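**Q** Start from the sequences and build out the full structure, keeping to the hints where you can.
The listed protein sequences correspond, in order, to chains A and B.
Take the first sequence: its position 116, counting from 1, is numbered 116 in the numbering used here, and each next residue is one higher.
Convert by adding 543 to the 1-based position in the second sequence; the result is the number in the numbering used here.
Hints are not guaranteed to be accurate.
Unchecked claim - Cut-off 20 Å, straight-line C-alpha distance, at most; resulting in silico cross-link-like pairs (PhoX-like, lysine-lysine): (1) B:Lys948 / B:Lys821; (2) B:Lys821 / B:Lys807; (3) A:Lys230 / A:Lys253; (4) A:Lys77 / B:Lys735; (5) B:Lys591 / B:Lys614; (6) A:Lys69 / B:Lys735.
As the list claims (entries may be wrong) - Not everything, but these chain A residues come out facing chain B in the computed CB check (under 8 Å): (7) Ser52; (8) Asn65; (9) Arg66; (10) Ser133; (11) Arg134; (12) Gly183.
Rather than coming from a laboratory, the hints here were simulated on the basis of the structure.
Since we're looking at a predicted model, the values are computed, not measured.
Glycine included, C-beta positions come from ideal geometry on N, C-alpha and C.
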Amino acid sequence: MAENQTNDGTVAMTSWQLNGQEVENPTGMTIMEAAKEHGIEIPCFCYHPGLSIAGNCRICMVESNRSRKPVISCSEKIADGLEIETESELAVSSRNSVMEFQLINHPLDCPVCDKAGECTLQDHSYEHGPDRSRFVEDKNIRHTKELGPNISIWGNRCIVCTRCIRFCDEISGTSELCIVERGDRSVVDVFPEIPIDNQLAGNTVDICPVGALISHDFKYEARVWNMDRKDSVCGGCSRGCNVEVETLDGFVKRLMPRENLEVNDWWMCDEGRYGWRHLYADDRLSQATRDGTALADDSATAALEQLLSESGPVAFLIDPFLTCEEMHLVQGLAASRPGSSVGGWLPEDGIAANFPSGFKISAAKYPNRAGAEHIFGDQVFGNDATELQKALVSSDFNTVVAFCGGHLSSGPGESWAKALSSTPTSIIFSVKSGPWLEGASLVLPATAPIEKDGTWINEDGRLQRTRSCWNPGTEPFSVELVRLQTLQNALGIRGRSLSAAGIFRELAANNDSFAGHNHSDLGSPGLLLSERPAGIAMDGGSE
Amino acid sequence: MTFRKILTQHIAEDDCHTLSFYQRNGGYSQAQKSLKEDQPDDLIELVKAANLRGRGGAGFPTGVKWSFVPKSSDKPKYLVVNADESEPGTFKDRVIMEKNPHLLLEGILICCKAVNIQTAYIYIRGEFVFATQRLQQAIDEAYEAGILGNDCLGSGLSIDVTVHRGAGAYICGEETGMLTSLEGDRGQPKLKPPFPAIEGVFGCPTVVNNVETLANLPYILEIGAEAYCAIGPEKSPGPKLFCVSGHVENPGTFELPMGIPLRKLIDEHAGGVWKGRKLKAVIPGGSSAHVLTADECDVAMDIESLTAAGTMLGSAGIIVMDDSTCMVDALVNLMRFYHHESCGQCTPCREGTGWLEKIVHRIAHGDGRMEDLDLVLDVCDRMVGKTICALADAAAFPAQSFVTKFQDDFVAAIQNGGSPAWKKRHPSAVGGTASHG
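**A** Right, here's the structure in full:
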């Protein structure tokens, strides 16, 4: 039973005073949490909602009627009759003192620091810090060194808040980091010969309130205020961690986790975080080709229209990277061509991981198997796929449209490649080049997961909205959502093109699983669909 | 009643540290009786009534501390003896452990009986190699004689004592820093609450007592609370070890009743200020206490009197400074210590101790500015009461009191291009060497 649950199930409340106002909050809250509910943001460095309380930075000190000394609001709990002042002389001077202390040995290297612009120390300094320094001594020098393959410490900037250390102790459970030395020589380090190289290590850089931990991947890559940010979902596995994709001039520079307590808390794994590099790998496709010859984007759409308008029944091979909206468009095409058939391929399973904090990495390295099963039925990767492959190999279909997405996946395997090349007319949407494109009639560049706009359903059945990293109109080629609608328009099965949200409304009107929902009610935690279609076995399916 | 030494009575004897000597002189008789006959609650009440105040520095009533430990807990309870004596100017626990270790063990037995404890750790300062050896010898003897281990002294109780050596960090003498270190972690104080009595070492209820505190217990049992309270002042009674160091003819550890006048202690027991010089200053309670000027030294050495005088009894480490002392150099020395020993956990202490040392060092080395004196005091204000443990306060108190009470020394160092000692070593220096130019 939670601390604030009473016997009858209601939440017990505590009355206390905040800056002279009588207020109430659920019992057991800390002053910092409770004050936030009343719109008072108490500054912090070492506090992080996902980590244990260290109480070492002292910036959150406030005045209490229960203590001679100022108390730290991250650790001190509210109590009946407690009177807290956040703006009294003692509170303000305590806060300002901590700011001055934090800054005396901190280098003024914001102009070259990657954290600048999103630095807690900068923000608090602006609000609570002195406008000049009384410190005329030499600043302390601490080490700058690599801690692991992806992370370095710039010791001079470290404010010893121990967030990164607590992360490795409590969240990843790997405990690579420690403080070495003492007093103002204290600095984060690794133990000899044991680099920080765990699957969640990148999060330590995110939660560093200053620029002490630096990601090699992002070092000197961009000023954070110049980047565009999109609330997206990682397509690296079926967990669907909520992420922020940050781009500079249309190029992805960094992925950061976005808080979702239902899915990924505040974290993401390094595989997802650093996977964006594959977007720009040499084997990435950005150009359409017809029988091996390059095509302009418009001509590619025209070629697609031509091939499909001449075709009879079509075989559709989908992948679990497509959004629900893209799948809905595929379903519309299949329905318009009597005798058509839909099956799906699944990338090989990777390795799952469970962490002490409850954070999970799924073995299913794709984002939307559940969505496909809601839309095409629970056998789309099972029997339907097996039948489809057989039919293709025996050339039962004249035309196949295949989706080969996933910039991190190895693509459809040999048997699917054989099936595709056995079909006279093969139209393949592909993120990258690979053996499955052998002999393709028309190859169309496809979007990788973080370039897609739409929804996915994760392995828990949670429907989540993901947004494309591209700004509308800046896509380097027609994305599937547009291309498939243009095709539907040309084939006369659609009157006008819609946004992803519009397509979702159509889907919700036609599919009971999605009935009553729309993009705008998904909210930030997403939405748990009541249940999966009956009979889904998450571990089955064809390759 | 004439005062009888009970902690250091026999320390001049060659074999004073042995079990046979201790038992010949009545040792373990109180524990033997107590372990068999006394009720834990009665022992706690007795110690409360005797008003035994902790001898580690904070002076918290020992019986009250024991009573905070939950009576019914499904976790084991521990006693951790704080033998990490590292407050500059303090060397009293060392005497007990080197010369009278069985007295400590007897005190441990009594405490374990009172609080229902089966396991005691003695966390001893790493540098105390000889004391560790003596203590271990005594423990080995006690195990062999059936005093420790299973069925202690035939009482049916089982009590184990383990010596754990620290690695030489001042912060590990702080109650919770010591517990963290004992658990095998980096020695850093913990947030309170929870207090050790509820959740101490290994997450279990823990009594933390100083060596000298425990060494008082057999005597309290022997003479009773009333007689014990009659020694020294009512509010902080008992025999007390005073460590006198610095510019005196006869430095050492002196066992005297609590409340002895400071002047008498220095002049009669420690042989007075050396070389016929005059007294300049006294730190009365370990280096963390506010310094007293010669004029302020007419004070009784007990907790209340020293608190009233704006300083503290602390660990009763009395550092005497004669009139040849440059207070700037003395403060540099202290600030270097606190800067070196700050664990670095809390911002005000981590940064403040280093800043203070740099400023005072700069003044001593001829680059001081008049505004530095206000700066020192302001930095101190910004440290006091704003950290997890009291190390920041301990660093700020001497800085505050040196600068305010001996301002002339600091002004002279600023105006004359450094402290006298610095100038003597660097006769040709013009200005100083500090960086700000």
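**Q** Hint by hint, note whether the structure agrees.
**A** Hints, verified against the model:
1. Distance check on the hinted pair: lysine 948 of chain B and lysine 821 of chain B sit about 17 Å apart at the alpha-carbon level, within 20 Å; holds.
2. Of the pairs offered as hints, the one joining lysine 821 of chain B and lysine 807 of chain B holds, with about 15 Å between alpha carbons and a cut-off of 20 Å not exceeded.
3. Between lysine 230 of chain A and lysine 253 of chain A the CA atoms are separated by roughly 12 Å; this keeps the pair inside 20 Å, and the hint holds.
4. For the suggested pair lysine 77 of chain A and lysine 735 of chain B, the alpha carbons sit about 12 Å apart, so the restraint of at most 20 Å is met.
5. Only pairs whose Cα atoms come within 20 Å are accepted, and lysine 591 of chain B paired with lysine 614 of chain B is accepted, the gap being roughly 17 Å.
6. As the CA atoms of lysine 69 of chain A and lysine 735 of chain B are separated by approximately 14 Å, the hinted pair is consistent with the 20 Å bound.
7. Using the Cβ-Cβ criterion of 8 Å, the hint placing serine 52 of chain A at the interface with chain B is not satisfied: the shortest such distance is roughly 10 Å.
8. Contact between asparagine 65 of chain A and chain B, as hinted, is not supported at the beta carbon level, the nearest pair being about 16 Å apart and thus beyond 8 Å.
9. At its closest, the beta carbon of arginine 66 of chain A sits 12 Å from a beta carbon of chain B; the interface hint therefore is violated under the 8 Å criterion.
10. Checking serine 133 of chain A against chain B by beta carbon gives a least distance of about 11 Å; that is not within 8 Å, so the hint is violated.
11. For arginine 134 of chain A, the interface hint holds, since its Cβ comes within 8 Å of a Cβ in chain B; the closest pair sits about 6 Å apart.
12. Look at glycine 183 of chain A: its Cβ gets to within about 4 Å of chain B, closer than 8 Å, so that hint holds up.
In this structure, the earlier hints numbered 7, 8, 9 and 10 are contradicted, and the remaining ones agree with it.
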